[in-house]
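S.K.: Let the hints inform the model, and build the full structure from the sequences given.
Here's the letter readout for the chains.
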Amino acid sequence: MSRSLQHEVTLLELVDRVLNKGVVLSGDITLSVADVDLVYVGLRVLLSSVATLEEQAQLSAGGNAR
Amino acid sequence: MIHVYGVVDGLEELPPLAGVDDAPLERRRVDGLEVVVSLARTPPSAEVTREAVLRHAQVVEGLLARSRAVLPAQLGRAFRDEDELAGALRAQATQLGRGLDRVRGCVEFGLRVLPVDTGPHLDASSGAEYMRTRLEELRGQDRLVAELHEPLARLARESTLQRDDGGIRAAYLVERRNAASFREAAESLERATELAAVCTGPWPPYSFAEGDS
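Protein chains in written order, with this note's numbering: chain L, 1 to 66; chain W, 1001 to 1213.
Treat each hint with caution, since some may be false.
[Unchecked claim] One side of the interface only, derived from the structure: several residues of chain L facing chain W at Cβ under 8 Å: (1) V15; (2) R17; (3) V23; (4) V24.
[Said to hold, decoys possible] Pair ranges (Cβ atoms, derived): (5) L:D28 - W:Q1162: 29 to 35 Å; (6) W:R1028 - L:S4: 38 to 44 Å; (7) L:S4 - W:L1017: 46 to 52 Å.
Calculated from the structure, these hints are not laboratory results.
Just so you know, even glycine gets a beta-carbon here, dropped at the ideal spot from N, CA and C.
M.R.: Laid out in structure tokens, this is it:
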């Protein structure tokens, strides 16, 4: 299993959960989710930098890379 | 505008995080139900941004680590004021209480198996060809369910399964103390299959927060 596929799927699962799952509390204000694809792509950019940092941290800690 | 992250039970302390729009997290208690919220000082932008998605997810994750049970709230609704929030919680109190019982002590795992490649048959020119492709796809899915989903479902308290486009998507509600062994089982199944199967988690129990058990 490639690392990048794992990342992609994790991200997809995260967006799906936050926006489509979870208990619906009947608030009066409905926030619009303009474009889920845009949210997804934007998050990918945001998270890939986090992931890179984590990987670097693991490497420098002599981590347990498989 | 009040943004709700989730309904919690036995929350030790708020996670050291800021909420959506950098607003501080706060606790509210209504008739024995506790929720974690943040107040947006700015007028509602009425749109979900990627930062909001990430922030919401991080806060809920922080709540999972610090409470006995958390029912993650779906991002996309907000409350105008405290009265409205209290009213909604009262109206849904029974259902929310049951929901907390259902997920107490549990985390969620996800499984996504990407579609099986049906190759050149995809460009089906005749009805018979199309049917054959479709049958192969269904047989492939049955195999996925039997070989990957069912063994994992047996390790879980509850599970959900969705078949989509030749692949499957599943979610599992797993007791915290079984999380490590569940993860191991999922990883060994991932390795055993030649398919693109990805197990994710542990997640807060988003997929088991709504609806009847």
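S.K.: Against each hint, give a clear statement of whether it holds in the structure.
M.R.: Hint check results:
1. V15: Given a least distance of 6 Å, the restraint on V15 (chain L) holds.
2. R17: holds (4 Å)
3. V23: holds (4 Å)
4. V24: holds (5 Å)
5. L:D28 - W:Q1162: 29 to 35 Å: At 31 Å between Cβs, range holds.
6. W:R1028 - L:S4: 38 to 44 Å: Between R1028 (chain W) and S4 (chain L), where Cβ atoms are some 41 Å apart, the hint holds.
7. L:S4 - W:L1017: 46 to 52 Å: violated (27 Å)
Of the numbered hints stated above, the single one contradicted by the structure is hint 7.
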